[in-house]
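A.B. asks: Under full-length UniProt numbering, read the sequence shown as residues 1 to 521, first letter to last.
Simulated from the structure, these hints should not be mistaken for lab results.
Hints should not be assumed to be uniformly reliable.
What the hints assert, rightly or not - Okay, derived cross-link-like pairs now, EDC-like style, lysine to aspartate or glutamate, Cα gap no bigger than 16 angstroms in a straight line:
1. Lys206 with Asp279
2. Lys56 with Asp84
3. Lys58 with Asp84
4. Lys56 with Glu74
5. Lys339 with Glu252
6. Lys234 with Asp268
7. Lys334 with Asp268
8. Lys443 with Glu377
9. Lys250 with Glu313
10. Lys444 with Glu473
11. Lys56 with Glu98
12. Lys354 with Glu404
13. Lys354 with Asp417
14. Lys334 with Glu377
15. Lys234 with Asp279
16. Lys323 with Glu377
17. Lys288 with Asp417
18. Lys206 with Asp285
To be verified - Computed Cβ-Cβ distance ranges for the label pairs, DEER-style:
19. Ser247 with Asp55: 20 to 30 angstroms
20. Ser293 with Glu74: 18 to 28 angstroms
21. Leu202 with Asp320: 43 to 53 angstroms
22. Cys452 with Val102: 47 to 57 angstroms
23. Gln454 with Ser293: 13 to 23 angstroms
24. Asp57 with Ser432: 27 to 37 angstroms
25. Ala207 with Ala476: 32 to 42 angstroms
26. Ser247 with Asn86: 25 to 35 angstroms
27. Val102 with Ser149: 20 to 30 angstroms
28. Gln201 with Lys455: 43 to 53 angstroms
29. Asp320 with Pro415: 31 to 41 angstroms
30. Glu313 with Lys455: 50 to 60 angstroms
31. Gly428 with Cys452: 38 to 48 angstroms
Beta carbons: idealized from backbone N, C-alpha and C, even for Gly.
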Amino acid sequence: QGPSPPIAQFGMAASSRKSLGAILGRSETQECVYYNSSWEKERTNRSGIEPCYGDKDKRLHCFATWKNTSGTIEIVKQGCWLDDVNCYDSSECVETKESPDVFFCCCEGNMCNAKFLYSPDTQAVQSKSSPTSNPFTQKPQLFNTLLYSLVPIMGIAAIVLFAFWMYRHHKLAYPPVLVPTQDPLGPHTPPSPIMGQKPLQLIEIKARGRFGCVWKAQLLNDYVAVKVFPIQDKLSWQNEYEIYSLSGMKHENLLHFIGVEKRGNNMDIDLWLITAYHDNGSLTDYLKANVVSWNELCHISQTLARGLAYLHEDIPGLKDGHKPAIAHRDMKSKNVLLKTNLTACIADFGLALKFEAGKSAGDTHGQVGTRRYMAPEVLEGAINFQRDSFLRIDMYAMGLVLWELAARCTAADGPVDEYTLPFEEEVGQHPSLEDMQEVVVHKKLRPCLRECWQKHTGLVMLCETIEECWDHEAEARLSAGCVEERIIQMQRQTNIIAPEEIVTVVTMVTNVDFPPKESSL
Numbered sequence: 001q002g003p004s005p006p007i008a009q010f011g012m013a014a015s016s017r018k019s020l021g022a023i024l025g026r027s028e029t030q031e032c033v034y035y036n037s038s039w040e041k042e043r044t045n046r047s048g049i050e051p052c053y054g055d056k057d058k059r060l061h062c063f064a065t066w067k068n069t070s071g072t073i074e075i076v077k078q079g080c081w082l083d084d085v086n087c088y089d090s091s092e093c094v095e096t097k098e099s100p101d102v103f104f105c106c107c108e109g110n111m112c113n114a115k116f117l118y119s120p121d122t123q124a125v126q127s128k129s130s131p132t133s134n135p136f137t138q139k140p141q142l143f144n145t146l147l148y149s150l151v152p153i154m155g156i157a158a159i160v161l162f163a164f165w166m167y168r169h170h171k172l173a174y175p176p177v178l179v180p181t182q183d184p185l186g187p188h189t190p191p192s193p194i195m196g197q198k199p200l201q202l203i204e205i206k207a208r209g210r211f212g213c214v215w216k217a218q219l220l221n222d223y224v225a226v227k228v229f230p231i232q233d234k235l236s237w238q239n240e241y242e243i244y245s246l247s248g249m250k251h252e253n254l255l256h257f258i259g260v261e262k263r264g265n266n267m268d269i270d271l272w273l274i275t276a277y278h279d280n281g282s283l284t285d286y287l288k289a290n291v292v293s294w295n296e297l298c299h300i301s302q303t304l305a306r307g308l309a310y311l312h313e314d315i316p317g318l319k320d321g322h323k324p325a326i327a328h329r330d331m332k333s334k335n336v337l338l339k340t341n342l343t344a345c346i347a348d349f350g351l352a353l354k355f356e357a358g359k360s361a362g363d364t365h366g367q368v369g370t371r372r373y374m375a376p377e378v379l380e381g382a383i384n385f386q387r388d389s390f391l392r393i394d395m396y397a398m399g400l401v402l403w404e405l406a407a408r409c410t411a412a413d414g415p416v417d418e419y420t421l422p423f424e425e426e427v428g429q430h431p432s433l434e435d436m437q438e439v440v441v442h443k444k445l446r447p448c449l450r451e452c453w454q455k456h457t458g459l460v461m462l463c464e465t466i467e468e469c470w471d472h473e474a475e476a477r478l479s480a481g482c483v484e485e486r487i488i489q490m491q492r493q494t495n496i497i498a499p500e501e502i503v504t505v506v507t508m509v510t511n512v513d514f515p516p517k518e519s520s521l
């Protein structure tokens, strides 16, 4: 257990004063008071002094966050804060927003966050605290002024001395800055984006996967998803962050990225990747608990195809640069999340591969991903390490995901079976590589397309699209863009008029009854 929390000084700002930093110029911040109320859960130190590190051309600050529950001040976090114009030349840590849920302030100067103030209306407070003509109130005011001035100074001095003693005699292990600009894990790990250092509270585990677990968390008043990687899976965390950081990765049908953090000390470090949170969870989870209508199937599959088509596309000339073509390499229903309106967005880029002109794909292991969704050429270890080959592997898995949707659709006559994974009837829930090779490569089996589906016009078209996605010959598979066009045409031909936000007609669609089969490229 760490030392007791620091005796933080809190008060109401009595007047609006020009900060010392504004007079003397830029204030250098080298260390700040550190405190973390969630130290046990996050496995950090509880309190102490935190040294501040950053790029030479960036300014450093201190910050504090706290809550006021019925007049009781509860510190949430204190520590270093990276370059923020809102903190420039402010020697005092003052929150000015009116009645926030979580109070937040930042300042410049060593240990300036030891005392934090709340001043929602500086002018009103100033008028209330100004001297009046009543002579009987002047002496108590003088006494109160001295009291409020000396006590914080003595408190700060005590905190500084105690922290310095801890540092010198106990060699206090400092936790890393929450969002560092210098990487402690290696020269090739990218810097973390600044998230504003807002309090991030883990709530509950929502999923577990190959590279860690996913938490539902709270970032101020918003829910977010936090994917926690152990240190041994640093490469996956690093790759996913690098993919999210590429130009053009903000898209409605790709999971929205918020930031990354590193938590812990020394080798006991967890790597966090923070994204948008979607309460419906993954497509797998949703199909286990729900059936889908024909209109819902079309919307989910169309937005999924649109996202994969965008991911696969090489797009030069964007405002923020050139977006390279990207292969997902672990396409499956578990890595497709559903928004509130059932719009699909693709997640989990830990194995994703980017393709840049004039550059090789790098030292790439071909046999990666989830065995159940591996294409025949992956199972055989016979991959051509070119961009086209990797994109076609994604399209094989796309066919299996479309089959999962069809199997839980109510459009066809007859009962809808319970949700099953692709090939679950043939190989069970935990197939080996040899099991999948036998079924997919040698026997060339695919999940069953049910007879009753052939009685529904739309499902007939969907079955044809599915078969052309999971074709044994990679070169014969459809592209994601072609799948999107076909789904739009399917919905038109079944005479279902969907809202504008559900069906987006792309300009490439022609007036033919059904788009012709295309190569995947």
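A.B. asks: A separate judgement is required for each hint: does it hold in the structure or not?
C.D. replies: Hint by hint, here is what the structure shows:
no.: 1; hint: Lys206 with Asp279; in the structure: 10 angstroms, holds
no.: 2; hint: Lys56 with Asp84; in the structure: 14 angstroms, holds
no.: 3; hint: Lys58 with Asp84; in the structure: 9 angstroms, holds
no.: 4; hint: Lys56 with Glu74; in the structure: 34 angstroms, violated
no.: 5; hint: Lys339 with Glu252; in the structure: 10 angstroms, holds
no.: 6; hint: Lys234 with Asp268; in the structure: 12 angstroms, holds
no.: 7; hint: Lys334 with Asp268; in the structure: 29 angstroms, violated
no.: 8; hint: Lys443 with Glu377; in the structure: 14 angstroms, holds
no.: 9; hint: Lys250 with Glu313; in the structure: 14 angstroms, holds
no.: 10; hint: Lys444 with Glu473; in the structure: 11 angstroms, holds
no.: 11; hint: Lys56 with Glu98; in the structure: 35 angstroms, violated
no.: 12; hint: Lys354 with Glu404; in the structure: 28 angstroms, violated
no.: 13; hint: Lys354 with Asp417; in the structure: 38 angstroms, violated
no.: 14; hint: Lys334 with Glu377; in the structure: 22 angstroms, violated
no.: 15; hint: Lys234 with Asp279; in the structure: 27 angstroms, violated
no.: 16; hint: Lys323 with Glu377; in the structure: 27 angstroms, violated
no.: 17; hint: Lys288 with Asp417; in the structure: 10 angstroms, holds
no.: 18; hint: Lys206 with Asp285; in the structure: 11 angstroms, holds
no.: 19; hint: Ser247 with Asp55: 20 to 30 angstroms; in the structure: 22 angstroms, holds
no.: 20; hint: Ser293 with Glu74: 18 to 28 angstroms; in the structure: 48 angstroms, violated
no.: 21; hint: Leu202 with Asp320: 43 to 53 angstroms; in the structure: 31 angstroms, violated
no.: 22; hint: Cys452 with Val102: 47 to 57 angstroms; in the structure: 55 angstroms, holds
no.: 23; hint: Gln454 with Ser293: 13 to 23 angstroms; in the structure: 19 angstroms, holds
no.: 24; hint: Asp57 with Ser432: 27 to 37 angstroms; in the structure: 54 angstroms, violated
no.: 25; hint: Ala207 with Ala476: 32 to 42 angstroms; in the structure: 34 angstroms, holds
no.: 26; hint: Ser247 with Asn86: 25 to 35 angstroms; in the structure: 28 angstroms, holds
no.: 27; hint: Val102 with Ser149: 20 to 30 angstroms; in the structure: 28 angstroms, holds
no.: 28; hint: Gln201 with Lys455: 43 to 53 angstroms; in the structure: 52 angstroms, holds
no.: 29; hint: Asp320 with Pro415: 31 to 41 angstroms; in the structure: 50 angstroms, violated
no.: 30; hint: Glu313 with Lys455: 50 to 60 angstroms; in the structure: 36 angstroms, violated
no.: 31; hint: Gly428 with Cys452: 38 to 48 angstroms; in the structure: 25 angstroms, violated
Violation of the numbered hints given earlier is confined to hints 4, 7, 11, 12, 13, 14, 15, 16, 20, 21, 24, 29, 30, 31; the remaining hints are satisfied by the structure.
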